[in-house]
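Input sequences plus hints: build the corresponding full structure.
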Amino acid sequence: MDGTGHTTLAEWSVDDDAAFEAAVREFAGQLDLGYIGTVPDGPGKATHVRQLPRDADMVILRRPIAGG
Amino acid sequence: MQADSALPELASVPWRQPTDARWLCRWARIWHAWTLLYTVPFICAGVGMIWLEPLATPVALAALAHAWIIPELYAFRGASVVRPKRPRALDTEPAAFPGEPVAQGLLGDLLGHEERELQRQTGLALQHGNLGVWLLGEGGALLVSPGGRRVHCFCVQAVDRELPPSDRIAHLLLALRVDEEGFATVANHAFAGAPWRVARRLPRRMRPALDAARRAAG
Chain A
1184 MDGTGHTTLA EWSVDDDAAF EAAVREFAGQ LDLGYIGTVP DGPGKATHVR
1234 QLPRDADMVI LRRPIAGG
Chain B
852 MQADSALPEL ASVPWRQPTD ARWLCRWARI WHAWTLLYTV PFICAGVGMI
902 WLEPLATPVA LAALAHAWII PELYAFRGAS VVRPKRPRAL DTEPAAFPGE
952 PVAQGLLGDL LGHEERELQR QTGLALQHGN LGVWLLGEGG ALLVSPGGRR
1002 VHCFCVQAVD RELPPSDRIA HLLLALRVDE EGFATVANHA FAGAPWRVAR
1052 RLPRRMRPAL DAARRAAG
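From first to last, the protein sequence lines stand for chains A and B. Taking the numbering used here, I'd label the letters of the first sequence as residues 1184 to 1251. Taking the numbering used here, I'd label the letters of the second sequence as residues 852 to 1069.
Quick caveat, the hints were computed from the structure, so don't treat them as lab data. Heads up, none of these hints are tricks.
Calculated from the model, a selection of chain B residues having no Cβ within reach of chain A, i.e. all distances over 12 Å:
1) Q868
2) L887
3) W902
4) I920
5) E923
6) S996
7) R1066
Going by beta-carbon spacing under 7 Å, a handful of chain A positions derived as facing chain B:
8) T1187
9) G1188
10) T1221
11) K1228
12) R1246
13) P1247
14) I1248
15) A1249
16) G1250
17) G1251
Over 12 Å on every C-beta distance to chain B, these chain A residues come out as not near it, computed from the model:
18) D1198
19) D1199
20) D1200
21) A1202
Note that beta-carbon positions come from the ideal geometry of N, C-alpha and C, so glycine has one too.
In structure tokens form, the structure reads like this:
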């Protein structure tokens, strides 16, 4: 999620190794920029991930939150 | 995959006690006692002055006004956590947040049907949790405790100020869904009080969301 609403950084499938490797590199680069990987787990639940899960339908990269 | 159930932002506030149900209950009592502490003396002083010397009525009225205004200011501070933190003129200027329609779509995908409609009407996203029912705004959150008799107000926001309004809510929603107690711990507790006190100071558009949260919490 960014200033444009959101940007698709990478797409992969379980069978496509090359696409997944590219997605892993992109994911790592975003973590270095300070983004946090989050996987929505259905209604009302989400999980923080530090490595790109190959079988996830969607991984959302969000900025950290802080008390205002 | 390496996954964590704790919010990574907790590392930035290591000194804070975890904000769990007991912590919230204790703070609700402290806020209640604090409200009585600064209200009752003003009321006693006002009534006492009128009883002792009717000519002191103007001063007594000033004391009674303090007993009314100070709790109102605290409630205003609490309700303000969910007010948009930007000039009002930007709300009617589409160019101010060109990514907002896309962000609204993503936020809608994260919400259920009823919550999506409520968010579009009121600007607040409703989320059920173990601590109560949450209402998330762009720069803060309200937590209606189980039973609906108490509202906790938290200041919390995404650190990126360039985000469209709906993205700011989506950031808070995802963080809350990862770790509810961690979310409440990272947030700054601003106020706790009766729902009617907060509702009076909420923008009119947002009040139905608080009503819905109270129904859900009750």
